[in-house]
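Enquirer: Take a look at the letters that make up each chain.
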Amino acid sequence: MAELDTFPRLLLHHAQVRPDRPAIREKDLGIWQTATWRQMADEVRLLACGLAAQGLTRGQHLALVGENRPRLYFAMTAAQALGAIPVPLYQDAVAQEMVYVLRDAEVTHAIVEDQEQVDKLLEILPQCPRLAHIYFDDPRGLRGYRQPQIASYERLLEAGRSFLATHPRFFEEEIGQGRPDDTAAMHYTSGTTAHPKGVVLTYRNLIESGRSAAQMEGLTDREDVLAYLPLAWIGQNIFSYTQWLVVGFCVNCPESPATVMTDLREIAPTYYFAPPRVLEALLTQVAIRMEDAARIKRGMYRYFMGVARRVGGRILDGQPVGLVDRLRYGLGELLVYGPLRNVLGMSRVRVAYTAGEAIGPDLFTFYRSIGINMKQLYGSTETSVFVCIQPNGQIKPDTVGPPAPGVEVKVTDAGEILIRSPGLFREYYKDPQATADARTPDGWFRTGDAGYFDQDGHLKILDRAKDVGKLVDGTLFAPKYIENKLKFFPYVKEAVAFGDGRAMVCCMINIDYEAVGNWAERRNLAYTGYADLASRPEAYGLVRDCVEQVNADLAADAKLANSQIHRFVILHKELDADDEELTRTRKVRRGFIGDKYGALVDALYAGRKEQFIETKVRFEDGRTGSISATLRIEDAKTFAPAAAKLAA
Amino acid sequence: MTPSDRGIGAPILAVEGVSLAFGGVRALQGVSFDVREHEVRAIIGPNGAGKSSMLNVINGVYHPQEGTITFKGRSRRDMVAHEAAAQGIGRTFQNIALFRGMTVLDNIMTGRNVKMRSTFLEQSIWIGRARREELAHRRKVEEIIDFLEIQHIRRTPVGRLPYGLQKRVELARALAMEPELLLLDEPMAGMNLEEKQDMCRFILDVNEQFGTTVVLIEHDMGVVMDISDRVVVLDYGRKIADGTPDEVRGNQTVIDAYLGVAH
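First to last, the sequence lines map onto chains A and B. FYI, this note's numbering numbers position 338 of the first sequence as 338, with every residue one higher than the one before it. In this note's numbering, each residue carries its 1-based index in the second sequence increased by 648.
Since the hints were derived computationally from the structure, they do not count as laboratory data. A portion of the hints provided could be inaccurate.
[To be verified] Rough simulated footprint, nothing fancy, chain A against chain B, three-plus residues with beta-carbon under 8 Å: (1) 789-798; (2) 839-850; (3) 853-864.
Here the structure is a predicted model, which means the values were calculated and not measured. A virtual CB, placed ideally from N, CA and C, is assigned to each residue, including glycine.
This is chain B alone, in the form it adopts within the complex:
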């Protein structure tokens, strides 16, 4: 399928000249790139290149010292986490961040939190709006459970699940907030081949079915080259390449930095 078929549009997110430092450690230095609507955009780079920091800047966990972030046409110096969520940015984490004692269903329900309007009081006595709302949200959550094929673990506490499934549950929770932009931090880390293939299929299905824009960090080059429309390469906090998988693959700087040369 060609990109135009999928309706890849204008940039939905642009970061310009973003620099981030922790004391003397310069995690990001003047990084600029954009993400177009409906595309799958990968950020790659060796360990410590600043990939996760970049995601954290985009959804407002870190506040960069320099640069601007433009999301859906609005520019600002830095994002605020809850605002990012309200604006439609969802994410998963490199080390799974789920509520381990809660069931899969409840974990995914927490993803609907941003969409709930009823008050704490209404919810606690389970009347009127709270009840209607929960039924509607539950339906949405069930659609996601169906979509990610995790019906069989609906009632299982997350802590008892194998790693690959926990990753899937985390994706489910991110999807529950119906994000326009989905940030995935190493969605396939630590998975075996079969789990990776499943996850790739889910990411592509999400992108296709819901039109969700996806930004993902991934180490597995095969995966990145297969599923991304465009790739940004970071090294020591700087952008060293940006383009289609083929362009990036052929780029000598990338080959040297990422795939390694004798230092």
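Bound conformation, chain A alone:
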């Protein structure tokens, strides 16, 4: 076999070099079932033959919809072996959201997880007439379906078996035709604006990017990874597909989305990725459980977390720390940090990344302080993820590190970050205009992010360039920065800050139902549901404390002192991707929310004490309804800027 420059070639390589090492595991019927590299290669061969027999050819797109299941991973490699292009879709998208992608990519074949996804595709079949073949992994509930488009994964394998009998060399020949500059995968950007765009990535893009990062971190074939994030997201492709095939480690698929925490603990991955949102949820859980713990444990936790905050990060970075503190930390390791890492499923983690959005410094330091090598990285779908990675030992909570090997980064005068790298995407699918717009004439990719290099050459990201605004008095307003500060509090799930072109900053807040609910229960506060809890004066009191602490923090920074939050409101419903308030990667869509809750924004700035609001909601079964409430708006205390405080 020639160069290892396509995924199918990498698969054949592993099947030869480490045939009996585990390639992928899945927990099924309560037991981790393993497929070795050889088994995987055999199944991918059958699958590729089956897909070919069913008419999938070079250059066509294969849609994949479902949770992380080994068979969907096999399908990706099988499609690539044929020169077809896998297009993973977000499995929790409602049917109508899939129409655009299926039509745009002219999808003819789809492999999906279960009845839920089959139903969605059947619903939109009239709008996607090209879609002629749908294969399902889990037959449950599908026995009675008579539609000619539908067949089981097993049937596809059977078709592959008979095809293979007559075309024994087919699979290897097709792989032989693959070129490193062929399209390897297409990922649709989640689209904070307008329609999603298909980002076309080649084998060279993905493999070079994944390989140099793997070398930098010294990844080996002994790593274990838990694949729990959506397949459609580029990070999942990089960490659990590209690097998996490049390095040859083992990917583990959880039993179901609800069991991820248990599965995480059982697998104890060595290489781990979590977006800040997941880390935040984990920490919230820990915080809640610690508050419920016995007094002695609570005291121990508090004391040793204090020690960890002071010296934990420095010990991890190998910096000098006094003997007494070292002993204290050692004791804490025994009593608190070790057990805590175990509960979090991170006792074996060698390298952990977080990215996707800015992470609160306190949240980030928490994980590092208990001895987890958590690092930030910066990247996007268009750059095959890796742009900046924090090197071991040079971790700062508020930067994303220096450029990764092979990547060039520069910042324009206007503050926008530009990138040139081997991982840079080829084009937006069928959109030459957007492709041209995304690059400068001399070939740099415009990220649309605002940031700057600090004195050590580490990149610091502020916000999306277009989101950074100004208050009327001309001072800087970086909404995400403020929202992130709020969201670090376990009681605040989501925050949306307004202030661009206004005299002051106001905020909409979602409480964290679990955390505030638990807090209320411990105080014997009865509540009937989310809306009720959110409207309680006690909840307002709780949130006001958070807001005022943020204000105190902001006041300490001369540049941001004017963006203190003057007024806030707690929303009566949780912001939801189904209502288009969040993207599928759960980022708030500030402009959309501003329009949708326009009455509320007006009330915030008009100084009203309460405001009636009615909003449309979409239920999980796709129906829509509306909910209304009269929301209370409260003022928060603001602080004099730092200089004045010193004088006082």
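Got chain A sorted already, so can you dock chain B onto it with the hints?
Expert: Same frame as chain A, now just chain B:
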């Protein structure tokens, strides 16, 4: 899907002229109906109509004073509870009857009890047959856990679960004995819309996947009309209608008795 597609066959259960009284209270009076193989059969009626009593007669908790029960071709005056279980009748209860301190897994394992052959002694020292048996049963239980999507609570004590999930665990336990006839006493009582939809789907899936015949009592008319093949209506211990959901819906006696008229 039409009934013939699902292979609805000959009656698997027939009750004829069943009367049951507790002292002066006549719970059932000459009730007759049959249940065909593979169908979903609903029993409905206002409070106190005798629905639960009927289920209790079928699986041998109550012994009727009159009438016969024919199950799988064998007629008898009354069922005996353990015999009903051995013959393949499983059930869930209106008020959940699980072991609250035990985990979900252990609760479901108890449903396999009727299928276990090893002796108490073998089980207590965990050798030979007992070990093989438990592994096989555990696999079956895991299939049911997977089927009902309760993997995430496998190790959780039942008492800590919300009501809707407890109902699901109870269904799981009933399924663990691989019943041919499944009696469900208000499987959706007290659930919210989403939980009800889930439960409906599970009941239909059980019916389709395992071919289990289902007899269910339910108050939610929407649910009953949606998922049942045929419906029996009881009122004050008497059968007042029997037929497809459409027939029953149009029946004036039912409308008067069940949906209420001015008395």
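Enquirer: Next, verify each hint and record whether it holds.
Expert: Here is what the structure says about each hint:
Evaluation of the coverage hint for the stretch 789-798 of chain B: fulfilled, as 6 residues show C-beta separations to chain A shorter than 8 Å, against a requirement of three. Check on the stretch 839-850 of chain B: 3 of its residues sit with their Cβ under 8 Å from a Cβ of chain A, so the three-residue criterion for coverage holds. Taking a C-beta to C-beta cut-off of 8 Å, the stretch 853-864 of chain B contributes 3 residues in contact with chain A, enough for the three needed, and the coverage statement holds.
Taken one by one, the earlier hints all hold for this structure without exception.
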